[in-house]
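**Q** Protein chains in written order, with the numbering used here: chain V, 1 to 289; chain X, 1001 to 1548; chain U, 2001 to 2407.
It should be emphasised that the hints constitute simulated quantities derived from the structure, not laboratory data.
Don't be surprised by glycine CBs; every beta carbon is placed ideally from N, CA and C.
Incorrect hints may appear among the rest.
Claimed, not checked - Result set (EDC-like, lysine to aspartate or glutamate): computed pairs, CA atoms no more than 16 Å apart in a straight line:
{"id": "1", "chain 1": "U", "residue 1": "LYS2110", "chain 2": "U", "residue 2": "GLU2034"}
{"id": "2", "chain 1": "U", "residue 1": "LYS2163", "chain 2": "X", "residue 2": "GLU1059"}
{"id": "3", "chain 1": "U", "residue 1": "LYS2070", "chain 2": "X", "residue 2": "GLU1502"}
{"id": "4", "chain 1": "U", "residue 1": "LYS2070", "chain 2": "X", "residue 2": "GLU1347"}
{"id": "5", "chain 1": "U", "residue 1": "LYS2366", "chain 2": "U", "residue 2": "ASP2356"}
{"id": "6", "chain 1": "X", "residue 1": "LYS1226", "chain 2": "V", "residue 2": "GLU219"}
{"id": "7", "chain 1": "X", "residue 1": "LYS1226", "chain 2": "V", "residue 2": "GLU33"}
{"id": "8", "chain 1": "U", "residue 1": "LYS2214", "chain 2": "V", "residue 2": "ASP118"}
{"id": "9", "chain 1": "U", "residue 1": "LYS2163", "chain 2": "U", "residue 2": "GLU2151"}
{"id": "10", "chain 1": "U", "residue 1": "LYS2075", "chain 2": "X", "residue 2": "GLU1502"}
{"id": "11", "chain 1": "U", "residue 1": "LYS2163", "chain 2": "U", "residue 2": "ASP2148"}
Said to hold, decoys possible - Pair ranges (Cβ atoms, derived):
{"id": "12", "chain 1": "U", "residue 1": "PHE2079", "chain 2": "X", "residue 2": "ILE1424", "range": "33 to 41 Å"}
{"id": "13", "chain 1": "U", "residue 1": "ILE2083", "chain 2": "X", "residue 2": "ILE1485", "range": "46 to 54 Å"}
{"id": "14", "chain 1": "U", "residue 1": "ALA2077", "chain 2": "X", "residue 2": "PHE1478", "range": "38 to 46 Å"}
{"id": "15", "chain 1": "U", "residue 1": "ASN2341", "chain 2": "V", "residue 2": "ASN38", "range": "15 to 23 Å"}
{"id": "16", "chain 1": "X", "residue 1": "SER1498", "chain 2": "V", "residue 2": "ALA15", "range": "32 to 40 Å"}
{"id": "17", "chain 1": "V", "residue 1": "ASN38", "chain 2": "U", "residue 2": "ILE2098", "range": "54 to 62 Å"}
{"id": "18", "chain 1": "U", "residue 1": "ILE2083", "chain 2": "X", "residue 2": "TRP1037", "range": "38 to 46 Å"}
{"id": "19", "chain 1": "U", "residue 1": "ASN2341", "chain 2": "V", "residue 2": "GLN212", "range": "37 to 45 Å"}
{"id": "20", "chain 1": "U", "residue 1": "ILE2087", "chain 2": "V", "residue 2": "VAL58", "range": "53 to 61 Å"}
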Amino acid sequence: MASQSGSYFVPAPTAWPFYLTVGLAVMLYGVAEYLNGNGVGSAPIVIGAAIAIYFIFVWYRGIIQESESGKYSAQVDRTYRWGMSWFIFSEVMFFAAFFGALFYARALSLEWLSGSGDGVLTNAYLWAGFEKEWPSNGPAAMGGDFEIIPPWGVPFLNTLILLTSGVTLTFAHHGLREGAPRGRVVAWMWATVALGCIFLFFQAEEYVLAYQELNLTLESGIYGSTFFMLTGFHGMHVTLGTLMLLIITLRLMKGHFKPDSHFGFEGVAWYWHFVDVVWLGLFVFVYIL
Amino acid sequence: MSHAATHDEHHDHGPEAGIMRWIKTTNHKDLGTLYLWFSMIMFFIGGLMSLVIRAELFEPGLQFVQPEFFNQMTTMHALVMIFGGVMPAFVGLANWMIPMMVGCSDLALPRVNNWGFWILPFAFGLLLSTLFMDGGAPAAGWTMYPPLVLQTGDAFPFLIFAIHLMGISSITGAINVIVTILNMRAPQMTLLKMPLFVWSWLITAYLLLAVMPVLAGAVTMLLTDKYFGTSFFTAAGGGDPVMFQHIFWFFGHPEVYILILPAFGIVSTIIPTFARKRLFGYDSMVYAMASIAFLSFIVWAHHMFTVGMPLAAELFFMFATMLIAVPTGVKVFNWIATMWRGSMTFETPMLFALGFVFLFTIGGFSGLMLAIAPVDFQYHDSYFVVAHFHYVLVPGAVFSIIAAIYYWIPKWTGHMYNERLGQIHFWLSAIFINVTFFPQHFAGLAGMPRRIPDYATQFTDWNVISSVGAFVYFVVQFVWAYNMIVNCIMKKGEPATSRVWEGAHGLEWTVPSPAPYHTFEEPPVLDESEVQGAHADEHQHEVQGKPA
Amino acid sequence: MEKAKFQAAAAALLAAMAGVAQASPYNLPKGVTELTQEVYGLHMLIFWIVCGIGVVVFGAMIYSIFAHRKSRHPKPADFHESIPVEIAWTVIPFIILIGMAIPAAGTLIKMEDTENSEFTIKVTGYQWKWQYEYIDQDIDFFSTLSTDSNEARQLGSGVDVYKVDNYLLDVDKPLVLPVGAKVRLLLTSNDVIHAWWVPEVTGKKDAIPGYINKMWIQIEEPGVYRGQCAELCGRDHGFMPIVVEALPREEFEAWVAEQGGRMPGEDAGPPQMASAARVAAADIGVASEAGMSDAGAGASEPVGDAPAADQASLMEQGETVYGNYCSACHQANGQGMAAANFPALVDSPIVTGPADAQIQQILQGKGAMPAFGYLSDMDIASVITYTRNSWGNDAGVVTPADVAAQR
Ligand code: HEA
Ligand code: HEA
Ligand code: CUA
Ligand SMILES: [Cu+2]
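If we strip away everything but chain V, and leave its shape as in the complex, we get:
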């Protein structure tokens, strides 16, 4: 308990969270009206997002300043650690919903539609002739014939990329902890950021391929739905993770973080490993099996 009079750091009153919420609400309002086709236009989306991003930035900057000016005691550091871990846990549960949908469709709904187990009558009366297969776009062949992205090409490469990025990040972390020259730590970090970007680039390529050549789209029945939702949300997390990596790399270059106190770094590292692990799950359950 290093800082002021031995007590816990209590931040000053601030309107950042409020404005951030205003931004979010305006943005969501815009998206909702866009989805409804009400011709409100993209202004609310852009303005709302801008406000939200600006205040996330301001908020984060505030935290960095507090941290750098030594206001965070070991207890505050623990707070952030616990907070980040449980936040990641909630993210895991978010993905669990989509994995759940995937398993349900494969283990139950497609079985029933194709007439196994309790589904004999369903198949006979409603979907005669439909046979279980995976990938599947359902008995009505939603979205038409499609092909899937073979796992052992780019997805496998992407797996390697993400795994490598986990390694480079760990090298950076060790370097930081052991007080290695800043340049080396930063170099490992840039390697990690680069790998994240390469991953995203390949992922985007895959999407283009899927939409343009393979006729694999969100509309391709349950396969397309689960495929794009899982990989899509994962991709969004990678994007966010890469951004966060970028920020801590820049912070490293400015000389933030100490060998014994670098929660900002570790939090991002955890997040990145989480994203990594989700990908492994995806690779196995979405691409291979």
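Fit chains X and U with the ligands to the given chain V structure using the hints.
**A** Structure of chains X and U with the ligands alone, referenced to chain V:
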């Protein structure tokens, strides 16, 4: 900002003035107050919606509203009550009490706390605005089953986004609670010495973290099914409408325990105070809550007995659901054992706590009946279910909130409420809540389905009684509002002592009433007599070296 | 003291509930099938068990509230744990639960056994009506809320609902079943989830679009049994009742003959109400139902277009179709419901204007109006003709060929 910039160096002055105080506040007491006001407004809005429902159901035939508007009322009533009423009220109580109970200066993440609160008015702004849209508010029930929910008009994306926002709010709140409890306790406050209210919230927070994201995922799939052509819930594309129900109830069942565990905590705090006797079976209370939380993850499909699950699944979910009666029973028995050979007085908080034990147990009994799958084929989606869940929610969750406010408001404001009005409030509430919901058991058994705006004439009698009860109950709540606002908030009541209740124990009673804006700048020294649980004995050993 | 009174009153209420439960129609009905009776028994068993537990638990609580109040018992005891007691009240409830679980599981297993049923009826939920297809008898019809109730239930209809027979629980055409036969019901839906529930005959089961659920019933007593859709299915969820008429076997057979169906094993008669069957099949993309029942349900052939396409028969068929599909919104008198934005068809520009626009609207739907493309050309032609020549409209005949041309 210059003012603020120095603030973190000195905590010794009060809040700033005007509206910006509330927008900018990071103080757990301010935020607790905001949460409670917000919740109260939502309770009244949700209550008004329930009155629309009850007015239309007063007699058969359609008198006031079109069927689709009725369905909107049912749906919004439930969403507003659950996500806007009960949950924020519990978070408000957590905000106020947890730091004071574990002995720390504030919640661990005060800015996040502010964010978590301020999301709510926006989320409900989006949700309530749908009442004025083309096609009206969502009308597919709070359970939002597809394909019906996909027929929602312009309200649809607003519903989804409002739920996303509520999810963010709950998750931030949950993280804050967990971190505060795990990281910020006063030195001698070991886990098994924490007040049970704190324990109940710790477990609730884990439930929130585990299931709110799942709900977010579920509604996201609804969104893409409607607007982006995915087929999660469409058989033609290989999905299944029932899949939504599984995901929803994986959230939904733990959710109902989110709505009751903090209530257990409150009641476990109040009963010992007024029985002037230590809580019986502290440890088993903690284990019981933990088991309930665990079991709540494996019983979800008892809401879906009629969807045509395989027999094995039906059996499994039936047995697992029945099991929950065991730890819940332990709690009820412990409360009674706490009262047993105590020395009881019956101030208003105690009355509401006792009302809770009675009426929640009745709700639990009907829950157990519902758990019997073959019979649930009869009960399901009838008013029997409506009666069940209102018994656990209104004289359950809501009574506990009312009890908690009576119990702690003198500490918050420094002034006592009027006891006489409190007693009147209790008796009228207790009577009319039963008048409202008891007859619904009969209506349901006799075959009245839920979510209908109009009914066959043989159900009239029960519905008349129920509607009358609902109106009186609603009006009675104003007695309470008056009592709280005039006597406590406007400080017309007598000044409160710091201990407030003769038998009260806990750190919150060691500080003056009203509690200072910043309570425990320095971790307090925990006195053995303030410890609620069995571990007070151990504490005694540690601190004073005396035998138990 | 007051408290104790209240609790005494609560206990009395509980007892009263028990009393009421036994004797009055406000309890679950015993029902007219073996299963509903078994379920009733189970319900009462569990009910009495929880009442028993309630008496013990509340009794202890009330006693304590009375005896251990401060004025009588000023000095509190200070015990606060007891392992044996805690074990006891964990184990005893557990044992009680096992006692409940065993009969419950038995009944459940029995319910799920749909083997050896005599014949099968496919029940399809629609917003907001039921379709019954007697697979083996080759009978097929829709069942909607009766006109009396439908008129009375409108907001501000001014009708005294007590004067309406079986208000909200009456349909135009009930499901007719023979007494004593084990009948298998196959449930599905055409749009959203519905649930089929007739308390005296069976518990409910959901009708889920794209999937088939099954259950079986065997009614032991002739009579008319009423129920309702039990899953929120939109605006008129409260207005899609179910009526089952259980007839002695001979009367049932007579009814089947009258409907132009045949009992399983009889020669195939002329297909009558087949078009809707084809509709249901086509709608969800099934080629044939053949093979599902040995009696050859595949006999449902499309009704030819040509022979019936004169105005009189179009009008006649159109009236039926209108009653089944359209009157829920546009009302039997074609006046629509202004309050709910259902336009009147009387003098409507679309109904009186060029037929193509109207055909398109029926095929495709518009706004809140669903698409009816799954109806046969004949049905659509007839309903359009009907709307164009009723209630003072006079806008000529539309033939099935016109409709076919627009598909
Ligand atoms: C606070 C909220 C809350 C709580 C605590 C509960 C508690 C329980 N609920 Fe309830 N329930 C709801 C809220 C809640 N429920 C809601 C909102 C719905 C409807 C959702 C919707 O469809 O909209 C619902 C619906 C619901 C259903 C689905 C009904 C249907 O739709 O067909 C079922 C079925 O099993 C069920 C069962 C139970 C059980 C077994 C408990 C148990 O936890 C109860 C345990 C308690 C006791 C049993 C009493 C005390 C115990 C003793 C004194 C010990 C001795 C007792 C015995 C041995 C019997 N509930
Ligand atoms: C916590 C949840 C909650 C609460 C409190 C209530 C309260 C009430 N409910 Fe609720 N109800 C639900 C949750 C709740 N309900 C749910 C989940 C459904 C199912 C919806 C669906 O089918 O989709 C439902 C459905 C439902 C129906 C069935 C509708 C239908 O099936 O068509 C009916 C009908 O009578 C009804 C009536 C009432 C009444 C008369 C009250 C009265 O008790 C209302 C009076 C209450 C108040 C006026 C609030 C009092 C409290 C305060 C004033 C506290 C203030 C707080 C602070 C100061 C912090 N409700
Ligand atoms: Cu059909 Cu409700
Ligand atoms: Cu549940």
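**Q** So, against the hints stated earlier in the document, which numbers end up violated here?
**A** Result: no hint breaks.
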